[in-house]
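2 protein chains.
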Amino acid sequence: MNGADTLIETLIENDVTACFANPGTSEMQFVSALDRQPAMRPVLCLFEGVATGAADGYGRIAGKPACTLLHLGPGYGNGLANLHNARRAFTPIVNVIGDHATYHRRYDAPLASDIAAIAGANSVWVKSAEGPDQVADLAAEAVGASYGPPGGSASLILPADCAWSPAVLAARPKAIRRGKSHPDGTAVEAVARRMKAAKKPVLVLGQGACGEAALAAAARLATLGVRILTDTFIGRQPRGAGRFLPDRMMYFGEQALEDLAGVDLMALVETDPPAAFFAYPGRPSLLVPEGCETTVLASREQDGAAAISMLAEALGAPASGPVQPLERPAPRPGVLTPSTVGAAVGRHLPEGAIVCDDGVTASQPILNATRSAPPHDWMALTGGAIGLGIPMSIGAAVAAPGRKVISLNGDGAAMYTPQGLWTLAREGLDVTVIIFANRNYRVLNIELGRTGAGNPGPAAAKLLSLDDPRIDWLSLAKGLGVPATRCDDADAFETAFARAMAEPGPRLIEAALP
Amino acid sequence: MNGADTLIETLIENDVTACFANPGTSEMQFVSALDRQPAMRPVLCLFEGVATGAADGYGRIAGKPACTLLHLGPGYGNGLANLHNARRAFTPIVNVIGDHATYHRRYDAPLASDIAAIAGANSVWVKSAEGPDQVADLAAEAVGASYGPPGGSASLILPADCAWSPAVLAARPKAIRRGKSHPDGTAVEAVARRMKAAKKPVLVLGQGACGEAALAAAARLATLGVRILTDTFIGRQPRGAGRFLPDRMMYFGEQALEDLAGVDLMALVETDPPAAFFAYPGRPSLLVPEGCETTVLASREQDGAAAISMLAEALGAPASGPVQPLERPAPRPGVLTPSTVGAAVGRHLPEGAIVCDDGVTASQPILNATRSAPPHDWMALTGGAIGLGIPMSIGAAVAAPGRKVISLNGDGAAMYTPQGLWTLAREGLDVTVIIFANRNYRVLNIELGRTGAGNPGPAAAKLLSLDDPRIDWLSLAKGLGVPATRCDDADAFETAFARAMAEPGPRLIEAALP
Numbered sequence: 001m002n003g004a005d006t007l008i009e010t011l012i013e014n015d016v017t018a019c020f021a022n023p024g025t026s027e028m029q030f031v032s033a034l035d036r037q038p039a040m041r042p043v044l045c046l047f048e049g050v051a052t053g054a055a056d057g058y059g060r061i062a063g064k065p066a067c068t069l070l071h072l073g074p075g076y077g078n079g080l081a082n083l084h085n086a087r088r089a090f091t092p093i094v095n096v097i098g099d100h101a102t103y104h105r106r107y108d109a110p111l112a113s114d115i116a117a118i119a120g121a122n123s124v125w126v127k128s129a130e131g132p133d134q135v136a137d138l139a140a141e142a143v144g145a146s147y148g149p150p151g152g153s154a155s156l157i158l159p160a161d162c163a164w165s166p167a168v169l170a171a172r173p174k175a176i177r178r179g180k181s182h183p184d185g186t187a188v189e190a191v192a193r194r195m196k197a198a199k200k201p202v203l204v205l206g207q208g209a210c211g212e213a214a215l216a217a218a219a220r221l222a223t224l225g226v227r228i229l230t231d232t233f234i235g236r237q238p239r240g241a242g243r244f245l246p247d248r249m250m251y252f253g254e255q256a257l258e259d260l261a262g263v264d265l266m267a268l269v270e271t272d273p274p275a276a277f278f279a280y281p282g283r284p285s286l287l288v289p290e291g292c293e294t295t296v297l298a299s300r301e302q303d304g305a306a307a308i309s310m311l312a313e314a315l316g317a318p319a320s321g322p323v324q325p326l327e328r329p330a331p332r333p334g335v336l337t338p339s340t341v342g343a344a345v346g347r348h349l350p351e352g353a354i355v356c357d358d359g360v361t362a363s364q365p366i367l368n369a370t371r372s373a374p375p376h377d378w379m380a381l382t383g384g385a386i387g388l389g390i391p392m393s394i395g396a397a398v399a400a401p402g403r404k405v406i407s408l409n410g411d412g413a414a415m416y417t418p419q420g421l422w423t424l425a426r427e428g429l430d431v432t433v434i435i436f437a438n439r440n441y442r443v444l445n446i447e448l449g450r451t452g453a454g455n456p457g458p459a460a461a462k463l464l465s466l467d468d469p470r471i472d473w474l475s476l477a478k479g480l481g482v483p484a485t486r487c488d489d490a491d492a493f494e495t496a497f498a499r500a501m502a503e504p505g506p507r508l509i510e511a512a513l514p
Numbered sequence: 001m002n003g004a005d006t007l008i009e010t011l012i013e014n015d016v017t018a019c020f021a022n023p024g025t026s027e028m029q030f031v032s033a034l035d036r037q038p039a040m041r042p043v044l045c046l047f048e049g050v051a052t053g054a055a056d057g058y059g060r061i062a063g064k065p066a067c068t069l070l071h072l073g074p075g076y077g078n079g080l081a082n083l084h085n086a087r088r089a090f091t092p093i094v095n096v097i098g099d100h101a102t103y104h105r106r107y108d109a110p111l112a113s114d115i116a117a118i119a120g121a122n123s124v125w126v127k128s129a130e131g132p133d134q135v136a137d138l139a140a141e142a143v144g145a146s147y148g149p150p151g152g153s154a155s156l157i158l159p160a161d162c163a164w165s166p167a168v169l170a171a172r173p174k175a176i177r178r179g180k181s182h183p184d185g186t187a188v189e190a191v192a193r194r195m196k197a198a199k200k201p202v203l204v205l206g207q208g209a210c211g212e213a214a215l216a217a218a219a220r221l222a223t224l225g226v227r228i229l230t231d232t233f234i235g236r237q238p239r240g241a242g243r244f245l246p247d248r249m250m251y252f253g254e255q256a257l258e259d260l261a262g263v264d265l266m267a268l269v270e271t272d273p274p275a276a277f278f279a280y281p282g283r284p285s286l287l288v289p290e291g292c293e294t295t296v297l298a299s300r301e302q303d304g305a306a307a308i309s310m311l312a313e314a315l316g317a318p319a320s321g322p323v324q325p326l327e328r329p330a331p332r333p334g335v336l337t338p339s340t341v342g343a344a345v346g347r348h349l350p351e352g353a354i355v356c357d358d359g360v361t362a363s364q365p366i367l368n369a370t371r372s373a374p375p376h377d378w379m380a381l382t383g384g385a386i387g388l389g390i391p392m393s394i395g396a397a398v399a400a401p402g403r404k405v406i407s408l409n410g411d412g413a414a415m416y417t418p419q420g421l422w423t424l425a426r427e428g429l430d431v432t433v434i435i436f437a438n439r440n441y442r443v444l445n446i447e448l449g450r451t452g453a454g455n456p457g458p459a460a461a462k463l464l465s466l467d468d469p470r471i472d473w474l475s476l477a478k479g480l481g482v483p484a485t486r487c488d489d490a491d492a493f494e495t496a497f498a499r500a501m502a503e504p505g506p507r508l509i510e511a512a513l514p
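Chains as they are written, first to last, in our numbering: chain A, 1 to 514; chain B, 1 to 514.
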């Protein structure tokens, strides 16, 4: 048994059983050790951003970490953007980052770099093994750290000699999970008193307070006239029929403030006071109306769902609140737009579906049209780094065989990680990838005006357009082994989507927007 | 005039005239300012790794920096791997990294992260503007820093408000370039004395000492029986007919040590004592034979070419040394292998060509077959982070219109940055992309054995194979707007390559290896 064996044994002991891998020479011992431990499922990704995005999708659905296998600093770098997204979703992930042998580091060989510095900004925990006998304990520590609360990616640097040298594994170390702490009853009572006194109170739910229990408890408060909002982008939110549907903090700051006009108390559950996604000249950053007080019902270290329940009890709320009915949208034939795509998705979304949303400007109409669809999970782009839609769907499908996964992607967004299509094909994952092909970074055309930069001239227009050449998604998908269809009108899209929902396996639908 | 305008004006004043961009909201002012300054050429890349690799290729050929335009921490992250390669090539680059407005940072909005920490490991200089009037001076400082010596990427963080706020630009600040220092005559004399006394001396040339002047000077020493070697991977090396061809430090350590057997003096020019690319169990890291002394002829801060000339004078070398004859390889029809591909490349490589090498296990035969081709530049993968071949060719072609660019790519390597094909098509660049399709991470099959990990079992084999599904490069290239050909034998490849050399514009040739 060598260090790599002890690592994999420890990961499995702690229920880490999926590995999204893009290995290089320094990771060969880990790769070889996988042959000796079939309980770990290796999934090859052709680019590290696919591996890390897949680990994010896996963690959000499985509620436990997958591991990634990355090749030194540059490999982590390629995976960094989706680990940024994972940080903002508080997703547990264990990164195994291969490094040069400890004694080789001093020579500053070409692939050497300061891995700890590169990984630090997006990791909740970074440590390097310095000897083979440390590997197992560090692996358990990494798993424990990844759970938080509030959870995130833990980065274990594995020098090659620590992997290949013999190691003793007397007992497989168990990860210590801190767990969320129980809310403080006195604090909850104080929030209850303020809420009673408030004229227009809102409760804002963060990532960790959007599970089924939290939503059910929040629905109870809604019956009392407390408005329930979530942060704009939630890592995983159960939605659809039978679930309570809170409002969503609006994306643009001035719209959010208009929406919140008159609110005099904002109670925060596992989140911070809302801030605009970007700053704009002369517009507010903090989205708390003037005169509105903020108060913390539960921090991210506390059990927000329990706190909401306690608040509901303290306010004498009924035992349950409103939930969405099951209701499919009416057919919307005609011109293909995000709204008509939304109607088709809402009409055919199967129960238990998982929606991976990197749809950028096209997402809102799909959200609207699926409010009363059968129960499903919606996973948003939490960190704003586009290129997560396809990778996240890989991880979700690996975590939940038997559930249909729908991946929504702006065409610009999908071009960051198209390599993920190949992994969908290789693993035969039940994922339908939708590409909203508007041949533009459409959001930037909006943002150009909002930042006061004015209308695009020829140079700027060229930097915002994806036309010339037009990306041929059918050929691109074919090149990577995924069958694909192009739809130019709403009928064709509905037919293609309905068929995709009825048949298993990966496919891509290009929604060719006019 | 706003901060973004002062930035672009200052860059142009300092001869930075190409911008490889993948912008987001926080970069809209920069994008808009490009419309007011046509001297800067913007090139849209659909992924940041393409932008940074292009800037590397541009800098190597132009001998001056391009700028990149990147979107906060995740945007830099996506570009990190190719900036790692650029660091190892000492390529001057100015990264412009957009950030949240200074006053917005405190809210920790979703896209916020510690940009300075992420960028630090691969930058020679990192600073953030804190107000619009600082931008121009910092831009000039960044340009100056990027030149080094030895040169590298300078990262200027540009908060959105520093870009959009009015700024005064009294005089466009000039970058201060330190320049390499002249070698110390006494030190050169000391090396000369040791070289005279040595039985088997070698001179090892690093990145900065492989220009035409350095090679010509080194050839003079070769006439005296001094063996001339370069580091294994050189950022830009003039090769072919009329140039001196030094030997190349071998990749695998034990082969390098065998090759260096008996060497008793190693004089280093702008490089460090050679070390193995990776460590392997029981094999040496440092590639200096036992009993061999090392001495520094010139550091990376010194003018290595001048030092070699001085050494040649001190040793009484003739005024010139051997150069390669012009000699095309014989035709090699039959089975398609890297060697037969090499023969075709050697037979048809035009004068002035630039070869961008990310060919991994296929490169050596191409290097061999082009030793006596017409004069050309060869640009290697200096940092070991595969995925540079296509991006680098973009930058080389932008820097040198009129020169043919050939991009060599392993299929695994090309899958890191296939998005670059789209930019080749959009810009109509004269680049021929060759894909060595062996449907394997072939190098890892070799490395698996060398690291003592043994033969791959089913799990490991699956992680090293790119088959299942087989990547269809013709479809993939078509999807991104680049015409492509697949070749299954050496004749077909030679025909396709000859045609590509005769016609301008981007194209892709899949060398489908058996």
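Among these hints, one or two may not hold up.
Which copy? The list can't say, so a pair holds if one copy fits it or any two copies do.
Here are the computed lysine-lysine pairs in the DSS-like style, where the Cα-Cα straight-line distance is at most 30 Å [claimed, not checked]:
1) Lys199 - Lys127
2) Lys196 - Lys127
3) Lys127 - Lys462
4) Lys174 - Lys64
5) Lys64 - Lys199
6) Lys64 - Lys196
The hints are simulated quantities; they were obtained by calculation from the structure and are not laboratory data.
Is the C-alpha distance from Lys127 to Lys462 at most 30 Å within one copy, between copies, in both cases, or in neither? Between copies only: 29 Å across, 44 Å inside.
Could you place Lys64 and Lys199 in one of the four classes (within, between, both, neither) given a Cα distance threshold of 30 Å? neither (41 Å within a copy, 63 Å between copies)
If the cutoff is 30 Å on CA atoms, where do Lys174 and Lys64 land: within, between, both or neither? Let me know, please. This pair counts as within: shortest intra-copy Cα distance 14 Å, inter-copy 54 Å.
At 30 Å max between alpha carbons, let me know whether Lys196 reaches Lys127 within a copy, between copies, both or neither. Classified as neither: same-chain Cα gap 48 Å, cross-chain 50 Å, threshold 30 Å.
Using 30 Å as the alpha carbon limit, work out where Lys199 and Lys127 are close: within a copy, between copies, both or neither. neither (50 Å within a copy, 47 Å between copies)
Indicate which option fits the pair Lys64, Lys196 if close means a Cα-Cα distance not exceeding 30 Å: within, between, both or neither. So Lys64 and Lys196 fail the 30 Å test inside a copy (38 Å) and across (66 Å) alike.
The earlier numbered hints that this structure contradicts are 1, 2, 5, 6.
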